[in-house]
Amino acid sequence: MWAFIHKLGSPKWFYAISARLQPWFWAAALVLILVGSAWGLAFAPADYQQGNSFRIIYVHVPAAFLAQSIFVSMAVAGLIFMVWKIKIADMAAAMMAPLGAAMTFVALFSGAVWGVPTWGTWWMWDARLTSMLILLFLYFGVIALRGAFSSRDSASRAASVLAMVGVINIPIIKYSVDWWYTLHQPATFSVTSRPAMPLEMWAPLLIMVLGFYSFFIALTLMRTRSEILRRESSKRWVRDLLGEGR
Amino acid sequence: MAFDSLSAFLAMGGHGVYVWASWGVTGLLLLGVVLHARAERRALLRGLRRRVRREQRQACPSADASPVSHQEGHVRES
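Note that the protein sequences, when read in sequence, are chains D and R.
Under numbering that gives the first Met the number 0, the first residue of the first sequence carries the number 0, and numbering increases by one thereafter.
Under numbering that gives the first Met the number 0, the first residue of the second sequence carries the number 0, and numbering increases by one thereafter.
One should not assume that every hint holds.
[Claimed, not checked] Which stretches of chain R does chain D cover? Using the computed rule of at least three CB atoms under 8 Å from a CB of chain D, they are:
#1 6-12
#2 16-26
#3 37-51
[As the list claims (entries may be wrong)] Each computed SDA-like pair below joins lysine to any residue, with the alpha-carbon atoms no more than 20 Å apart:
#4 D:K234 <-> D:G8
#5 D:K234 <-> R:S6
#6 D:K234 <-> R:G46
#7 D:K11 <-> R:R40
Since the hints were made in silico from the structure, they are not lab data.
All C-beta atoms, glycine included, are put in the ideal place defined by N, C-alpha and C.
One chain only, chain R, in its complex shape:
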């Protein structure tokens, strides 16, 4: 351990501002990039599934009465 106490660790020998600003920006950007990739994937899957379902319904309108599409319609409303 290079530091005696938590306050010494945070102070970084007077260079705390520089060290923590650098690490903070790096951490935030890495985290932000991961969250963005996750949100991107979720939105994409949601949109594509909706499109596939819509096209399936258009392809066979009579299937509306089937229990599967009924259930799906219910999920989408909630």
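Isolated chain D, as found in the complex:
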């Protein structure tokens, strides 16, 4: 077990294994997002209350899921980096932050656009919306912090600490709809209860969520591979790799 973790933490080994995994996640992301989009946009029935504006859910919810999952991943990677000094965890954390910020923006933007026909307003300072806005600023903070140090190790440690502290915001986002009065509707998916939507509505949503997660994994593998080359460029195996023309 420890040998496996040690191997996983080796950039050279990760570089090789991620090359084989990457195409599968890209393919899964492409197929799932295309199928989910077609199903969600054209085939799912319109909502009896919201009409067709409810179709925004198929980008809003997957983006919001990713926005939060990526921040948790960054915090876990930060912990792994701080405790075991595994560099690959820090590389992955650095590479996933911009996608997390982009997904938080998508969730906020699509939510605001959705709010106009549904709530009659595009913004409210309520708990769910405000905590998501804080998440966006936390992402900006993590990204800015990495660029603010001349020493890479200091930057990595500062970004890891901010991710580990900022992750407190995630349960606040999750439970904000239960703890405070809010315009936002309660969670769409729950592990313990059946979905409140008919199958034709939630099946495409599940497909989109899986597609977005595959996209996140594929992109993180790809960018971490780039980051490995960047940071390990003086290593022998990288030299050999580049010399071969691959």
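Once you have looked at the hints, place chain R on chain D.
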């Protein structure tokens, strides 16, 4: 199919602006993120290969006459 015609699909029952704005921004960002990752990888590989070649030349200047480095120099000029 939830719509009778293409125009009904685009109109989204009067909510077309909201639906397409959300999907458009999402699609553009996902695409942009992929293009960025690709450009990042290409630029990085180009820069690193150039560095490796330069260092190899510095390590053995006499190798300049060899056909391999001559060919490489030609590629870089074009």
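Hint check results:
Counting residues of the segment 6-12 of chain R whose beta carbon lies closer than 8 Å to any beta carbon of chain D gives 3, which meets the minimum of three for the stated coverage. With 7 residues having a beta carbon nearer than 8 Å to a beta carbon of chain D, the segment 16-26 of chain R meets the requirement of three or more and the stated coverage holds. Proximity of the segment 37-51 of chain R to chain D, defined as three or more residues with a beta carbon under 8 Å from a beta carbon of that chain, is established by the 8 residues found. For a cut-off of 20 Å, the pair hint linking K234 of chain D to G8 of chain D stands: about 16 Å separates their Cα positions.
Restraint check for K234 of chain D and S6 of chain R: the C-alpha separation of about 58 Å exceeds 20 Å, so the hint is violated. Of the supplied pair hints, the one linking K234 of chain D and G46 of chain R holds, its CA atoms being roughly 16 Å apart against a limit of 20 Å. Restraint check for K11 of chain D and R40 of chain R: the C-alpha separation of about 17 Å stays at or below 20 Å, so the hint holds.
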